[in-house]
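> Sequence:
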Amino acid sequence: MSTFILIHGAWHGGWCWEKVKYILEQNGHIVLAPDLPGHGEDKTPICDISLESYVDCVCDLLDRQQEKVILVGHSLGGLTITQAAEKHPDTIEVLVYLSALLLRNGDSRHSISDSEPSGSMLAEYRELNKKEGYSTVKEQGSEKVFYNDCSDDDILWAKSKLVPQSLQPMDVPMSTSKKNFGSVRRMYIECLQDKAIIPEFQKKMYTELPCEKVIAMNTSHSPFLSAPRELANHLIFLSNPTA
111 MSTFILIHGA WHGGWCWEKV KYILEQNGHI VLAPDLPGHG EDKTPICDIS
161 LESYVDCVCD LLDRQQEKVI LVGHSLGGLT ITQAAEKHPD TIEVLVYLSA
211 LLLRNGDSRH SISDSEPSGS MLAEYRELNK KEGYSTVKEQ GSEKVFYNDC
261 SDDDILWAKS KLVPQSLQPM DVPMSTSKKN FGSVRRMYIE CLQDKAIIPE
311 FQKKMYTELP CEKVIAMNTS HSPFLSAPRE LANHLIFLSN PTA
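Going by our numbering, the sequence shown opens with residue 111, and the numbers climb by one from there.
Derived by calculation from the structure, the hints in this document are not laboratory data.
Keep in mind it's a predicted model, so treat the numbers as computed, not measured.
Do not rely on the hints blindly, as some may be mistaken.
[Claimed, not checked] If you anchor each label on the Cβ, the simulated ranges turn out as follows:
1. Glu237 / Thr154: 14 to 24 angstroms
2. Thr352 / Lys240: 28 to 38 angstroms
3. Ser270 / Arg339: 22 to 32 angstroms
[Stated by the list, open to error] Listed next, the in silico DSSO-like pairs over lysine-lysine satisfying Cα-Cα at most 30 angstroms (straight line):
4. Lys313 / Lys288
5. Lys314 / Lys197
6. Lys254 / Lys269
7. Lys269 / Lys153
8. Lys241 / Lys153
9. Lys248 / Lys289
10. Lys254 / Lys271
11. Lys323 / Lys197
12. Lys269 / Lys313
13. Lys248 / Lys314
14. Lys129 / Lys271
15. Lys240 / Lys269
16. Lys269 / Lys288
17. Lys288 / Lys197
18. Lys313 / Lys197
19. Lys248 / Lys313
20. Lys314 / Lys153
21. Lys240 / Lys153
22. Lys271 / Lys288
23. Lys314 / Lys288
24. Lys153 / Lys129
25. Lys240 / Lys271
26. Lys313 / Lys129
27. Lys240 / Lys289
28. Lys248 / Lys129
29. Lys197 / Lys289
30. Lys153 / Lys254
31. Lys241 / Lys269
32. Lys153 / Lys288
33. Lys254 / Lys241
34. Lys240 / Lys254
35. Lys129 / Lys254
36. Lys323 / Lys254
Where is the CB? At the ideal position from N, CA and C, for every residue including glycine.
Please model the complete structure; the sequences and the hints are all you need to start from.
Here you go:
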């Protein structure tokens with residue numbers, strides 16, 4: 111059996127993995143889905159949140175594991191797992207990017223904005239508070255951007271849990287090397303109905319930084335809500351050393 115560490119993306123928390131976590135655990139796996147600083151139940155102030163604090167949170171978990179883990183990052187969580195792999199490559203069996211940011215050395219989320227394929231609905235519904243250093247998503251927009259194939263109950267539940275997102279992690283360039291990050295196997299799960307990180311952008315990233323396998327899901331940005339069993343099955347498959 112495998113150990114999975116599931117890392118959420120912007121505005122979300124470890125709660126978003128609840129369904130997938132349950133299914134993986136029912137299959138005998140160990141699953142950790144932490145709240146990164148300032149997310150979920152963690153009350154770290156916006157001013158103290160950074161990409162480094164996200165990475166430190168994950169690395170603390172990695173240090174406590176007895177075996178190599180499957181490290182999964184969703185959306186913005188892709189940046190976190192990339193930098194965690196750079197710091198602790200020997201503790202990770204495989205990296206899985208779920209409709210996630212997969213950036214090359216020297217790139218940041220903001221620095222690649224000009225080359226990002228157009229079509230994301232996120233810019234239309236995101237509200238920036240540059241003075242306080244955070245962003246939010248308009249309530250009427252989150253369903254369209256994140257949850258366009260989810261049940262009404264799941265949408266209401268998820269919307270009630272979204273929190274402001276620190277802008278700082280978006281500005282930090284990736285700092286990776288072939289020796290560390292480059293030594294870890296990486297896989298990509300693309301979401302074909304994604305309105306936040308559109309399929310064209312996902313493909314651009316996993317083409318520029320190739321992955322061993324690319325699996326497609328015909329879902330929105332949130333398959334952990336709309337297709338948790340399919341997602342869990344893909345994760346189990348990718349955890350196999352011969353995948």
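> Would you mind marking each hint as holding or not holding in the structure?
Hint check results:
1. At about 21 angstroms, the beta-carbon gap between Glu237 and Thr154 stays in the expected band of 14 to 24 angstroms.
2. At about 48 angstroms, the CB distance of Thr352 to Lys240 disagrees with the hint of 28 to 38 angstroms.
3. Between Ser270 and Arg339, the C-beta spacing of about 24 angstroms keeps the proposed range 22 to 32 angstroms intact.
4. Proximity of Lys313 to Lys288 is assessed by CA-CA distance (about 21 angstroms); at most 30 angstroms being required, the pair is judged to hold.
5. For the given pair, Lys314 sits about 25 angstroms from Lys197 by alpha-carbon distance, which is consistent with the 30 angstroms threshold.
6. Proximity of Lys254 to Lys269 is assessed by CA-CA distance (about 12 angstroms); at most 30 angstroms being required, the pair is judged to hold.
7. The hinted pair formed by Lys269 and Lys153 meets the criterion: a straight-line CA distance of about 18 angstroms does not exceed 30 angstroms.
8. Annotation: proposed proximity of Lys241 to Lys153 holds, straight-line Cα distance about 20 angstroms (limit 30 angstroms).
9. With a C-alpha separation of about 41 angstroms, the suggested pair Lys248 and Lys289 falls outside the 30 angstroms cut-off, and the hint is violated.
10. Between Lys254 and Lys271 the alpha-carbon distance is near 16 angstroms, which keeps this suggested pair within the 30 angstroms criterion.
11. Of the supplied pair hints, the one linking Lys323 and Lys197 holds, its CA atoms being roughly 23 angstroms apart against a limit of 30 angstroms.
12. The suggested pairing of Lys269 with Lys313 holds, with an alpha-carbon distance near 28 angstroms, which does not exceed 30 angstroms.
13. Distance check on the hinted pair: Lys248 and Lys314 sit about 27 angstroms apart at the alpha-carbon level, within 30 angstroms; holds.
14. A hinted pair counts as satisfied when its Cα atoms are at most 30 angstroms apart, and Lys129 with Lys271 qualifies at roughly 15 angstroms.
15. Annotation: proposed proximity of Lys240 to Lys269 holds, straight-line Cα distance about 22 angstroms (limit 30 angstroms).
16. The straight-line distance between the Cα atoms of Lys269 and Lys288 is roughly 39 angstroms, outside the 30 angstroms bound, and the hint therefore fails.
17. Annotation: proposed proximity of Lys288 to Lys197 holds, straight-line Cα distance about 12 angstroms (limit 30 angstroms).
18. At most 30 angstroms may separate the alpha-carbon atoms for a hinted pair to count; Lys313 and Lys197 meet this at roughly 26 angstroms.
19. For the suggested pair Lys248 and Lys313, the alpha carbons sit about 27 angstroms apart, so the restraint of at most 30 angstroms is met.
20. Using a Cα cut-off of 30 angstroms, the hinted pair Lys314 and Lys153 is violated, with the two alpha carbons roughly 35 angstroms apart.
21. With a CA separation close to 20 angstroms, the supplied pair Lys240 and Lys153 stays within the 30 angstroms bound.
22. With a C-alpha separation of about 37 angstroms, the suggested pair Lys271 and Lys288 falls outside the 30 angstroms cut-off, and the hint is violated.
23. Between the alpha carbons of Lys314 and Lys288 the distance comes to roughly 20 angstroms, so the proposed pair stays at or under 30 angstroms and holds.
24. A C-alpha spacing of about 24 angstroms is found between Lys153 and Lys129, which places the hinted pair at or below 30 angstroms, so the restraint holds.
25. In summary, the hint linking Lys240 to Lys271 is supported, as the alpha carbons are separated by about 22 angstroms, within the 30 angstroms threshold.
26. For a cut-off of 30 angstroms, the pair hint linking Lys313 to Lys129 stands: about 27 angstroms separates their Cα positions.
27. For the hint pairing Lys240 with Lys289, the CA-to-CA distance comes to about 36 angstroms; that exceeds 30 angstroms, so the pair is violated.
28. Restraint check for Lys248 and Lys129: satisfied, since their Cα atoms lie roughly 25 angstroms apart, inside the 30 angstroms limit.
29. Note on Lys197 and Lys289: the hinted pairing holds, with a Cα-Cα distance of about 11 angstroms set against a maximum of 30 angstroms.
30. Only pairs whose Cα atoms come within 30 angstroms are accepted, and Lys153 paired with Lys254 is accepted, the gap being roughly 27 angstroms.
31. Only pairs whose Cα atoms come within 30 angstroms are accepted, and Lys241 paired with Lys269 is accepted, the gap being roughly 24 angstroms.
32. Restraint check: the Cα-Cα separation between Lys153 and Lys288 comes to about 35 angstroms, which exceeds 30 angstroms; the hinted pair is violated.
33. At most 30 angstroms may separate the alpha-carbon atoms for a hinted pair to count; Lys254 and Lys241 meet this at roughly 27 angstroms.
34. With a C-alpha separation of about 24 angstroms, the suggested pair Lys240 and Lys254 falls inside the 30 angstroms cut-off, and the hint holds.
35. A C-alpha spacing of about 21 angstroms is found between Lys129 and Lys254, which places the hinted pair at or below 30 angstroms, so the restraint holds.
36. At roughly 29 angstroms between alpha-carbon atoms, Lys323 and Lys254 fall within 30 angstroms of each other, so this suggested pair holds.
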